[in-house]
Structures are given as C-alpha cells and as structure tokens.
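Chemist: Each chain, written out:
There are 2 protein chains.
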Amino acid sequence: MNLRTLQEDYIDLNPLQAGGRTVAETRLVVNSYADGYAGYDQYSGPFFQIPRKETALLHKQLNEFLGTDEIFFTHGVREAKVLLFQSILKDGDLIVIDGNAHFSTIAAASKLGLEIFSIKNSGSPDYKIDPRDYEAAILQLKKEHKKPKLLVLTQVDGNYGNLVDARKVTLIAKKYNIPLLLNSAYLAGRTRVNLAEIGADFIVISGHKSFGVPGHIGGLGVTQKWVDKIQDPSKEDKPWDLPARYLAIVGLYASLETTDKRVARWDDEVKKANWFVEKMESIGGIRLVGERPKQHDLILFDTPVLEKIALTKRKKGYFLADELKKVGIVGLRPGQTQQIRISTYGLTREQLDYVYKTFVGLVKEEKYGI
Amino acid sequence: MNLRTLQEDYIDLNPLQAGGRTVAETRLVVNSYADGYAGYDQYSGPFFQIPRKETALLHKQLNEFLGTDEIFFTHGVREAKVLLFQSILKDGDLIVIDGNAHFSTIAAASKLGLEIFSIKNSGSPDYKIDPRDYEAAILQLKKEHKKPKLLVLTQVDGNYGNLVDARKVTLIAKKYNIPLLLNSAYLAGRTRVNLAEIGADFIVISGHKSFGVPGHIGGLGVTQKWVDKIQDPSKEDKPWDLPARYLAIVGLYASLETTDKRVARWDDEVKKANWFVEKMESIGGIRLVGERPKQHDLILFDTPVLEKIALTKRKKGYFLADELKKVGIVGLRPGQTQQIRISTYGLTREQLDYVYKTFVGLVKEEKYGI
Numbered sequence: 001m002n003l004r005t006l007q008e009d010y011i012d013l014n015p016l017q018a019g020g021r022t023v024a025e026t027r028l029v030v031n032s033y034a035d036g037y038a039g040y041d042q043y044s045g046p047f048f049q050i051p052r053k054e055t056a057l058l059h060k061q062l063n064e065f066l067g068t069d070e071i072f073f074t075h076g077v078r079e080a081k082v083l084l085f086q087s088i089l090k091d092g093d094l095i096v097i098d099g100n101a102h103f104s105t106i107a108a109a110s111k112l113g114l115e116i117f118s119i120k121n122s123g124s125p126d127y128k129i130d131p132r133d134y135e136a137a138i139l140q141l142k143k144e145h146k147k148p149k150l151l152v153l154t155q156v157d158g159n160y161g162n163l164v165d166a167r168k169v170t171l172i173a174k175k176y177n178i179p180l181l182l183n184s185a186y187l188a189g190r191t192r193v194n195l196a197e198i199g200a201d202f203i204v205i206s207g208h209k210s211f212g213v214p215g216h217i218g219g220l221g222v223t224q225k226w227v228d229k230i231q232d233p234s235k236e237d238k239p240w241d242l243p244a245r246y247l248a249i250v251g252l253y254a255s256l257e258t259t260d261k262r263v264a265r266w267d268d269e270v271k272k273a274n275w276f277v278e279k280m281e282s283i284g285g286i287r288l289v290g291e292r293p294k295q296h297d298l299i300l301f302d303t304p305v306l307e308k309i310a311l312t313k314r315k316k317g318y319f320l321a322d323e324l325k326k327v328g329i330v331g332l333r334p335g336q337t338q339q340i341r342i343s344t345y346g347l348t349r350e351q352l353d354y355v356y357k358t359f360v361g362l363v364k365e366e367k368y369g370i
Numbered sequence: 001m002n003l004r005t006l007q008e009d010y011i012d013l014n015p016l017q018a019g020g021r022t023v024a025e026t027r028l029v030v031n032s033y034a035d036g037y038a039g040y041d042q043y044s045g046p047f048f049q050i051p052r053k054e055t056a057l058l059h060k061q062l063n064e065f066l067g068t069d070e071i072f073f074t075h076g077v078r079e080a081k082v083l084l085f086q087s088i089l090k091d092g093d094l095i096v097i098d099g100n101a102h103f104s105t106i107a108a109a110s111k112l113g114l115e116i117f118s119i120k121n122s123g124s125p126d127y128k129i130d131p132r133d134y135e136a137a138i139l140q141l142k143k144e145h146k147k148p149k150l151l152v153l154t155q156v157d158g159n160y161g162n163l164v165d166a167r168k169v170t171l172i173a174k175k176y177n178i179p180l181l182l183n184s185a186y187l188a189g190r191t192r193v194n195l196a197e198i199g200a201d202f203i204v205i206s207g208h209k210s211f212g213v214p215g216h217i218g219g220l221g222v223t224q225k226w227v228d229k230i231q232d233p234s235k236e237d238k239p240w241d242l243p244a245r246y247l248a249i250v251g252l253y254a255s256l257e258t259t260d261k262r263v264a265r266w267d268d269e270v271k272k273a274n275w276f277v278e279k280m281e282s283i284g285g286i287r288l289v290g291e292r293p294k295q296h297d298l299i300l301f302d303t304p305v306l307e308k309i310a311l312t313k314r315k316k317g318y319f320l321a322d323e324l325k326k327v328g329i330v331g332l333r334p335g336q337t338q339q340i341r342i343s344t345y346g347l348t349r350e351q352l353d354y355v356y357k358t359f360v361g362l363v364k365e366e367k368y369g370i
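For the protein sequence lines, the chains are A and B, in the order given.
Throughout the first sequence, residue numbering follows the working numbering, covering 1 to 370 in sequence.
Throughout the second sequence, residue numbering follows the working numbering, covering 1 to 370 in sequence.
You may find that some hints are simply not true.
Any copy will do: because identical chains look the same in the list, a pair fits if it lies in one copy or spans two.
[What the hints assert, rightly or not] In silico lysine-lysine, DSS-like type, Cα no more than 30 Å apart, as pairs: (1) K111 - K225; (2) K175 - K364; (3) K90 - K229; (4) K53 - K326; (5) K111 - K229; (6) K229 - K149; (7) K308 - K325; (8) K225 - K357; (9) K364 - K279; (10) K271 - K168; (11) K316 - K53; (12) K111 - K149; (13) K128 - K53; (14) K174 - K128.
Keep in mind the hints are simulated off the structure, nothing from the lab.
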C-alpha cells in the first residue's frame, strides 16, 4: 500500500472528508493503540459502552459536551439509528422525518419495517425544512387516525448543508408528546450541540464526520429516561455482534482533548463559508443552492458555466476534476460539472482564494462567464 | 488519553494480544490513512467488499494466501459467522460444531435460531477434538432422522490452543456432502491456511487475532460456488449497516506486505512454545493443559503451586499479576492463579527465559514446588 499524502499535497474540498481530518494529538494516541486488542490490556472487557476507569473522565466529558446522560457507541450514524429504532419502535410504527434526511435514515427505518412520513423541503433555490411543517404533519396524520412514534430531524443535511433550528422542532415534539431524534452527524463536533439545552430526546453523532476521528465511529446519545430502553447488543451474555470497537473509541476520546479549540473556530468557519460563496458567485454562472446566508461549511453550487465548458472537452465532465488536480485541488466528484459540492471547513482563506482564482482562470480562459 | 507504551515497556504474555501486534510497516500505512473518510479519496465508494483498483492486487494476494475465491470483510469473526449463517441457513437448521468452539460461534448460531449439536472434547488433560467424531455425530443424528446443514470446525481453539487436522474433517464433510466452515481466527495469518488445499467450503479469519492488524477486522472467505450466495448487506441499495470499514481494511492489506516474513517463523514459534512448556513444567506444580506436544503458541497451564501461594497473600490471587508487573511482565488475567493462559508468540527465547526464571523465583522464594 502506498502512504496516503493527499492532505499534505493538495487542497481538499471533499465535503465528506472535511470534518474528519485528524490533528496530530489524536493521531499520536491512536497510533500508540494500534496493536490488535490493544484496548484489552486490563482484561476488563472490551472498550465500549460501559465506561472504564481509564476513560471514565473522557466519557463524562463527551456526555457533558452533548448534554446527554449516556452515549452508546456504534460503527456509524446509520447503526446508531438502527440501535435506537430497534430499541423503541416496532414493525409498522410510523415516524416523521425531514425531506433532507440522509438515505441511511430511510435504510435504518426500512430495516425495522417502519412507516415513514417525509416532510418536503421548500424546493429551489433554498430547499429548506420549515420546523412548523412537523406540526402540520402531525395534524394531517391525526386526521388519518395515525400518530407518529418518533420525529427525526436532520440538523444539518449532507446535500445542501442547511441548518434547521432544532429548538423549534423540540417545542412541537413536546406539545404532542412525541420523542425527537436529532441527526447531528454534520454538526455536533464542529460546534457544541447540547441535547439537554435543546430539549430533545436523542442525538446521533459521527466521530469521522465532525469530530476529526480516525476510522469510523457513531454514537447514540440519550437522556436519562431512555437509558435503560436502549437494547445494546453488546450487553447480551453472548453478543453476536459488537458495536464500535476500541480503536475508533480511543480516537473519539482522544479527539475530545482538542474539541474546545475546534468548536471555538466555528463562527469563523461559517463566516468563511459565506465569504467563499460570495467570491464564487461573483465569477458568474456559479450559484449557491441551499439556504442563504449559509450557517454551515457544506456548500452546493449550481455550475452551468462549467457544464457548458465540459461540452467542449474530450473528457467531458471529467475535465474539471482533472484540471483542478493538476493545480493541486482535489475533492470534487469526478465527472460532475452541473453542480459541485464542497466544504470550506479547515481550509485557510488563502487556500480558498487560490481555489477561487483557479475557477476564475478556468472560466475566463474558456471565454464563458464574466 | 495517555499514550499506550505497554508493548515497549513490558513482556506481554496476553494470549489475546499476541497475534495482533503490528509491525512498523503496517502502522506507517495505517497512520497515513488516519483521517476520517480517508478511504473515500477517489469517490469510488467505500473501502470494502468489491476490491478497488488501488487495492485489487492486495485483495488478490489475500485470496491466494487463503485459497479462497472471494473474501467478505466484517468487523470481526463473530460477524463473519453471522454473515455466513444468515446467508446459507435458516431458523431451526441444525449445525455440528466442536466442543472447543468460541462462544461467539454459539452466539452467532443463536441469533439465527439454529440448532446446535456439539462434539465433546476428550476431557482432561488433552481436551482434544477427534475428527472422527464428526462422522459419529452425523450417523447419530441420522438415526434421529436429522441432517446437519453445516459443520463448523475451530482449527485452533482459544482455550487450550489445540490444533485439529482440518483435512480429516473435510473428508467426512465431503463423504456426507455437508459444507464445512473452518474457524481459523487463531491460525490463518500466523501460518498459511489454504481453503482450496484443505478442501473445505468456508473460512473465517481475524486480522487483529492473527495478522497483526490494528483495530478489528474479520473476514469470511468462500469458494467460487458460494460467492453469490453470501448476502452481503453492503451490497443493498440502501444498506442499514456496513461491514468492516476502511481503516481496518487498509491495515489488513498493509499487513499482507509482511505476511511472508511472519509465516516463515511459524515452525520456530511452535518449537519455542514447546521449549517454554518444558521449562515451566520443570518448576513443579505447573502443568500443561491441552495437547502435547503443542502445535500452537496459546498455552494453558494448571498452576496449583501458584494457587497455594495465593492463599497466603493479603491480595489473594491478585498477588501474581501484581508481582509480575513489578518485574516487567504483564498479560495474566488479574486474580487468577489456579490456571494461567499465555502466549509465547513473538517473544524471544531470552524474554521467555526471563519469564521462566521469574516464576522459579516466585515459587522457590515461597518454598513451594521444587
């Protein structure tokens, strides 16, 4: 295997990878735990769920950060949703989700045979979810003599990077006495998201999406009243599968030691995202899709100008990623020019200015746009 | 989190950890892939199952090593068994397993509601599994008008470290036309185990148990006729959970580059285990449990002499692990003195001689034994 040097050699715009970049402190700890079964030094059982003496403080710190009473580790967010759904719902139960939900929410629900009512977004150009539509959905379902057993809100969706105010959905959830799950995969870890302050019941988080954790780890955070209802398979006498294992958990714990620094820069990350959107739109033929102003670093652009250029190229849409890679920019999905999806997270304004100027060059040289 | 320096600071006898120790080459590659989602650089889908261009050669190399036609990655061996069972068996089906099987075999079977017929081992002092008992089991079940749908053989068990000749079980499996699964968690990777040469149908392997891979990864290897029967959840259009993820897979692929060196020393590892058994038994009051001579590095000793000493101690059984730790030896289960379970894998004769002399000192000083 070749060593991976992509983060060192390129400016990486890949929106999936932005929040997962590790800091040296995290890598150092994880590397020291790299041996197989390194988490079993004390013979005190595997490295998950029940916090162990050596990690109790960090486990407490994570619960405090998230405003949860217990957090169950899983391989990822989809497995965290499966864990919740199979613990509190049964085949045929109805849930209300937002129309910007990740497909893994639907996959997790389909595993349990749940019925899904999906709230539409506002369509072009904002594609926003209106919290009030949760109430409208509940009332509409009531007319059909149906009551949802769970509301699911994607706090920030992975497509547009739109942020929904979770507190407003919480008020509706409380009014109708329906538990609420926040999918915070793209938010908690970039910034502080506190379940207790928001007043919802459950939160799912992603270490590799937003906490800068190596490998893959998700978590299901719950409030006290739900702790005993979560059917954790690892607590079985003879578990047939295990949730997240020690190396990913070590990484999550290790990342907590630098999380304060990480969340402190969130306001500037959002400012930077808006600054970059303004610059890119000034080129012409490139336009933000999703809410404006942005409240997050995930950015989707409509890019008709690039699509036009692609028509003139032998490589068609593949010209774009190829041209960018030549000048040190990666992370665009090869072949796509109709829209591009990027993240500005963790990049400097100087790097982003270089990206902007590269796009100016691409467009001007081709005599399209400005 | 503190850095883990246990492998640098101590002689580690922990039998779980012996085969999972990583070499520098593996760590270097894995560290370079440490960022969350680092496996998604090419936007070519996740880093499992279907081999990708950049890892196709290593995937082929792994299949050649194991004599398999395809290998499906999972989080661990138990999940690999679940994957196989749910792919080819159904609720109520009967399987025959050996009495030294790991509890996760039983857990995996119980998940599917399988009926289990367990072959007894030979009891004290060898606790061996006789391959001929598979035929006896099949004939006995036939009298009850039952036919097993699968035979499962633990090639090396984790309790005694006994090795069973898989070829002999294969002959029986073929005679009665019943597929055979080899649980090779403790063998393949330490040495070459080749499914095609053995003639069985399935093999499960463990990266962290025997290939020196960081984190956790298991694999289900199958022959060509079974490839399409494996119901890989990651191949669903909307998978609700994913098998082993990229960091563990990178580790397994990386480890293959040093596997030749690793397996080349296996004969000496076995010799060393027998040499150590002889030394330890010469102390008196310490006696090997399991087959003799040993064919593996996992060693279980009856240690009545240590149990006697423990009775005189304030800390009771905990004295042993405590005393050993003071002189730089770790890996014994704290509190246990009736039996001790260790591995000699990867330790030098000089280190093992030091361990032996330490036990001599413990026993002599206490005026027990010799």
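Chemist: So, against the hints stated earlier in the document, which numbers end up violated here?
Modeler: 2, 8, 13
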